[in-house]
Amino acid sequence: MESQILTLVTFFPLLGAALLLLIPKERHDSVKSIALIISFITMLLSFWLYAMFEPLANGMQFEINIPWVASLGISYHMGIDGISLLLIVMTTVLNVLAILASFNSITQNVKGYYISMLLLATGMIGVFCSLDLFLFYVFWEVMLFPMYFIIGLWGGVRRIYAAIKFVLFTMFGSLLMLVAILYILFEYQSFAGEYSFDMLKLAQMPLGHQAQLWLFGAFALAFAIKVPLWPFHTWLPDAHVEAPTAGSVILAGVLLKMGTYGFIRICMPMFPEATVTFIPYISVLSLIAIIYGALVAMVQKDVKSLVAFSSVSHMGFIMLGLFALNLQGMEGAVLQMLNHGISTGALFLLVGMIYERRHTRLIDQFGGLAKVMPMFSAVFMIVTLSSIGLPLTNGFVGEFLILLGTFKANVWYAVIAASGVILSACYMLWMYQRMFYGKITNKENEGLKDLSIREKIIVIPLVLLIFWIGVYPKPLFDRIEPAVKQVMNQMGRSGTVEVDEDFSIKPVLADRTAEQELIVKAEKEGE
Amino acid sequence: MVPISAYLIVGVALFAIGTVGVLISRNLIVLLMSVELMLNSANLCLIAFSRSQNIMDGHAFVFLVLTIAAAEAAVGLAMVITLYRNRETINIDRFNLLKW
Amino acid sequence: MDFQLPPYDLKMMLPEIFLFLWALVVFTFDLLTNRKKETAIGYLTLVGILITGVLLAFTGYGRGFGNMFFNDPMARFFKIIFLGAAFMAVGSSFGILKQRIRNHRGEYFGLILLSTVGMMFLASSQELLSLYIGLELTTIPLFVLAAFYKDDKLSVEAGIKYFIVGAFSSALLLYGISFLYGMSGTTDIVQMKINLAITHLTFTNIGMTLVIAVVTMLAGIGYKLGLPPFHQWVPDVYEGSPTPVAAFLSIGSKAAGLVAFAKIFVNGLSAFHGPEMLPNDWGQLVALMAILAMVLGNTVAIWQTNIKRMLGYSSIAQAGYIMIGMVTMNVYGLSSVAFYMFAYMFANMGAFAIVTVFEDKTGSTQIASYRGLSKSAPGLSLTLAIFLLSLAGIPPLAGFLAKYYVFAAAVEKANSADSASWLYWLVGVGLITTVFSLYYYANIIKQMYFSREDSPYKIPVSAPAMMVIAICLIGVILFGVWPEPILQFAGDIPASFGFIAR
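Quick mapping for you: the protein sequence lines, in order, are chains H, W and B.
Per this note's numbering, residue 106 is the first one in the first sequence, and the count goes up by one each step.
Per this note's numbering, residue 21 is the first one in the second sequence, and the count goes up by one each step.
Per this note's numbering, residue 549 is the first one in the third sequence, and the count goes up by one each step.
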């Protein structure tokens, strides 16, 4: 049982989806409760995983490695380190909350909806567990169509356009990734004489600079579309605005993280040299995303699209932190992945709650909500502050570390990024002010009810998480740090990139000619 | 002795006439005849090659091809009749119900 | 003279002989029973195919009739595909059995069986003469089947178009074969390989003859496969002919074309493949056809309003993907083609089976009439969606692994030699057009699911059709998740061509 726990966590939702298929579709209540129970058990399983996970230990844990399609070198290889562990836990938690949040808002084709949600969960958890490139790709694609259905079937007015745009964008990226995977496979075959998709083995394979650039490009495009990095972000606002609340929560909370996770898990260890080469480009794109996302968010009239564009901005931060390529930046980025999941997920949930009451999301329709819905306003405030990154909330820890890391890598990047923090405070607080303070201008807002018990159950864990991470993030860092160091060591192993004592990455050979290379080699041998 | 190239040239000519016939004729019966011509040009080549190299496979081939051609013609003519019953024409240009 | 066939030979041909006899039984059964029992004849046909399958399983590998008849892994693999396609086509014909072909049931099923016999002979032939006869035996019954609704103008028109194209293409093929025979002096493909290698070394000026042979044969087989520029008949015939026949055509005829292609080009002409068994000039010609097929099939399919026509264009595109694997001509490539065909069979037959069931009830093949189907027939819609996603190549369905395998073969080849790096272009086009294809497959899913209206149709599914759909569904999912046995089997196929198996 313990050796197969990853299999269990991954496929338990799938099992639940199969179970749901058997239930007659008229019985909405039992469908809902079974979906909730399944996702809750999955969450408990992931907590168990968290409890058993050994912090501060190096390497992958709970590894499973069984040949799957032996004749093509595909194996069922799973295993997690601290990064994947935390993302899995976040996925399962958000999944429970998302399912709980859709109890009232989803009224038609209920059964199909919950089946899609559970399938999606399997896909997402699978992505974070896979250590086999092929398996990774399969899970990556598996979650595509449930999401397509969630947006397209239960979404808003322009749902079909948004759904198809989402699928085509993602599919385009992932097919490029497929080519790169194929190329790596045969490179590895000529290097080691066997077919293998094992990420750990592939990371040890030396690759030429040119090949690395191309491969990095292919993977990075797929991941950048998912993140989404400017200018590949155009699918995101559409998808977010049209998706139902739960869809947005999962999309923002987990799906976007798959992109950044891909950079850490695949791009960096496998193509270290190309990673270093690409630092300026990706950093600049991230900076553009930070500023652009914030500016566009400022002028949005719809709360949901405001949150969507703020996601673009925040994901830019995460990318910037990752590509600072030092311990602070990367740890901060990983933590910020969790934070963004929690706070943006919470924002979407809250927006969904107000939408259920008023059936509009336009900011100018609200005003003075603080008087009629004090509880709701308080929670919204906390989440807003967490999203801005106020000290004592989770957002602060992550953003601070990212800025610290960026500062060490390049001062100017840090300066520009810091202005993004200020902008985010502007648009979030301005939005809050317009919605919650002042007089009640719209009569429809007068009779609004405050949070119900179900809604309280949804928001309380998120608020607790926001403060817990903000005050005492050490247990998380205990798990993140060895994983980040491991990634850096993998990068350093190739010999073309150096990791210094306080873990920041430097390009060694990126700009050297062959002649200089020889000199360096001679020097090293002399030592 | 006639050189093999002579047979082949006749064969190519027949084949070309047949191909052009298939491509430009508007009448189904003429089209069927053109296909027969193409098959027979292939037969001629087979026989010529067979004789020139003194191997008998080609002869056997030709007999079987003749049989197949007969079968094909039978099916083809039957279909032309069905078509005529339906549409009262055998002009190819009129068969345009199925497009794009 | 005391001449006897060795009994060993006949035993090898047992499945074919049995199926041929069974076809005659089906013909006569219909006459004798006075056409009272409607469905009995359909079940009789299904049983015949099943028994043939069992016989096939007990027929070992070997060769007979003086190297004219080979039972090698390739033959067996494709025979399974042919029998599977026939089984599913017959299974989904029960609807039209009651409605539209009341008076000619025996002929209908008998002709399907005869065509299958032709395909099986084709798969086993190792010799140009029997190959040609097998191909003709495959296609002549299909002409009749395509025009089977005698009073339906569309069907008859589809039949005559198919006939013209079929007859023309087989004449082209025959002409090419005659030149091949002239060059090599033999009709035996294995012997031909040797003879051509010698000719290739001794005479340098066989260029023109070779070009004529290759071009005409390529055109002939290109027509059978529906590769552009020889593709125009495909959508017309798919739209006009009875739906189960279109389904049978899409798998059986295409697989038959592939077998003929592999036997003639990959095996017979291997002397001209260059030092690394690399397809030189005509390989690039085929690659060009494949690119055209993928681009044209996938883009034109987007505008279609008729689902059968759309599947027709999609099948042109799929032929393009298959040819990627074929053109690599290495161990990987040949197995990938076989696996692709296998996975494609389940997805395509399944999709056609549902289209048939839908047409039986509503009489419509318009995509628009599928609107809102997910509400009145949720199970059927879900299954159709799964088949379409498999055709589009979404994991974890079998279609994905098939596409992956084909691309892998091309990348491996391109990676191994600099002169083959043009294969990357092929892969690139394949991937981009895959995104296009997703659009039109997803369009049907969109019609079924995203429409807020309710569909007025309740679709009843007869037991045999249900069985066919279930088999296809299981196949699509199972061989996507656990493809190992089929891959092992497909991995043996290159051995049939003298390649050393991995």
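To be clear, the hints were calculated from the coordinates, so they are not data collected in a lab.
Heads up, the beta-carbon is just placed ideally off N, CA and C, and yes, glycines get one too.
One should not assume that every hint holds.
Simulated crosslink set (BS3-like; lysine-lysine; CA at most 30 Å straight-line) [said to hold, decoys possible]:
hint: 1; chain 1: H; residue 1: K548; chain 2: H; residue 2: K306
hint: 2; chain 1: B; residue 1: K559; chain 2: B; residue 2: K909
hint: 3; chain 1: B; residue 1: K994; chain 2: H; residue 2: K130
hint: 4; chain 1: B; residue 1: K994; chain 2: B; residue 2: K1006
hint: 5; chain 1: B; residue 1: K923; chain 2: B; residue 2: K1006
hint: 6; chain 1: H; residue 1: K548; chain 2: H; residue 2: K406
hint: 7; chain 1: H; residue 1: K130; chain 2: B; residue 2: K559
hint: 8; chain 1: H; residue 1: K137; chain 2: B; residue 2: K1006
hint: 9; chain 1: H; residue 1: K130; chain 2: B; residue 2: K1006
hint: 10; chain 1: H; residue 1: K590; chain 2: H; residue 2: K579
hint: 11; chain 1: H; residue 1: K137; chain 2: B; residue 2: K994
hint: 12; chain 1: H; residue 1: K561; chain 2: H; residue 2: K548
hint: 13; chain 1: H; residue 1: K561; chain 2: H; residue 2: K579
hint: 14; chain 1: B; residue 1: K646; chain 2: H; residue 2: K270
hint: 15; chain 1: H; residue 1: K270; chain 2: H; residue 2: K406
hint: 16; chain 1: B; residue 1: K923; chain 2: H; residue 2: K137
hint: 17; chain 1: B; residue 1: K741; chain 2: H; residue 2: K270
hint: 18; chain 1: B; residue 1: K741; chain 2: B; residue 2: K559
hint: 19; chain 1: H; residue 1: K590; chain 2: H; residue 2: K476
hint: 20; chain 1: B; residue 1: K923; chain 2: H; residue 2: K130
hint: 21; chain 1: H; residue 1: K406; chain 2: H; residue 2: K561
hint: 22; chain 1: H; residue 1: K137; chain 2: H; residue 2: K406
Cβ pair distances, simulated, as ranges [said to hold, decoys possible]:
hint: 23; chain 1: B; residue 1: V602; chain 2: H; residue 2: L124; range: 32 to 38 Å
hint: 24; chain 1: H; residue 1: I169; chain 2: B; residue 2: K923; range: 36 to 42 Å
hint: 25; chain 1: H; residue 1: P172; chain 2: B; residue 2: L562; range: 32 to 38 Å
hint: 26; chain 1: H; residue 1: L273; chain 2: W; residue 2: I24; range: 54 to 60 Å
hint: 27; chain 1: B; residue 1: L558; chain 2: W; residue 2: S72; range: 33 to 39 Å
hint: 28; chain 1: W; residue 1: F83; chain 2: B; residue 2: E586; range: 25 to 31 Å
hint: 29; chain 1: B; residue 1: D1002; chain 2: W; residue 2: A36; range: 57 to 63 Å
hint: 30; chain 1: H; residue 1: G298; chain 2: B; residue 2: F606; range: 37 to 43 Å
hint: 31; chain 1: B; residue 1: L558; chain 2: H; residue 2: A297; range: 45 to 51 Å
hint: 32; chain 1: H; residue 1: P172; chain 2: B; residue 2: T576; range: 27 to 33 Å
hint: 33; chain 1: B; residue 1: L562; chain 2: H; residue 2: I169; range: 30 to 36 Å
hint: 34; chain 1: B; residue 1: T757; chain 2: W; residue 2: Y104; range: 39 to 45 Å
hint: 35; chain 1: B; residue 1: L580; chain 2: H; residue 2: D134; range: 21 to 27 Å
Practice problem: With a cut-off of 30 Å on the C-alpha distance, tell me whether H/K137 and B/K1006 pass. | Solution: Answer holds: H/K137 to B/K1006 is near 27 Å, not above 30 Å.
Quiz item: Is the Cα-Cα distance between H/K137 and H/K406 30 Å or less?
Solution: Distance ~33 Å between H/K137 and H/K406 Cα, so the pair is violated.
Self-check item: Distance restraint between B/K646 and H/K270, which requires alpha-carbon spacing of 30 Å or less
Solution: Roughly 44 Å separates the two Cα atoms, so the pair is violated.
Quiz item: Taking 36 to 42 Å as the hint, is the beta-carbon distance of H/I169 and B/K923 inside that range?
Solution: Once the Cβ atoms are compared, 41 Å apart, the range 36 to 42 Å for B/K923 and H/I169 holds.
Practice problem: Return holds or violated for the Cβ distance of H/P172 and B/L562 against the range 32 to 38 Å. | Solution: 37 Å, holds
Practice problem: Starting from H/K590, check that the Cα of H/K476 is at most 30 Å away, please. | Solution: Given pair H/K590, H/K476 is violated - Cα atoms ~49 Å apart, limit 30 Å.
Self-check item: CB-CB spacing for W/I24 and H/L273 relative to the 54 to 60 Å hint
Solution: 59 Å, holds
Exercise. Take a quick look at whether H/K406 and H/K561 sit within 30 Å of each other, Cα to Cα.
Key: 27 Å, holds
Self-check item: C-beta pair H/P172, B/T576: status relative to the range 27 to 33 Å that was hinted
Solution: At 52 Å between Cβs, range violated.
Exercise. Check the following: the C-beta atoms of B/T757 and W/Y104 are separated by a distance inside 39 to 45 Å.
Key: 41 Å, holds
Quiz item: Straight-line Cα separation of B/K559 and B/K909 no greater than 30 Å?
Solution: Between B/K559 and B/K909 the Cα gap is close to 44 Å, so the pair fails against 30 Å, i.e. violated.
Self-check item: Restraint check for H/K561 with H/K548, where alpha carbons must lie at most 30 Å apart
Solution: Answer holds: H/K561 to H/K548 is near 25 Å, not above 30 Å.
When the structure is compared with the earlier hints, violations turn up for hints 1, 2, 7, 14, 17, 19, 22, 28, 32, 33, 35 and for no others.
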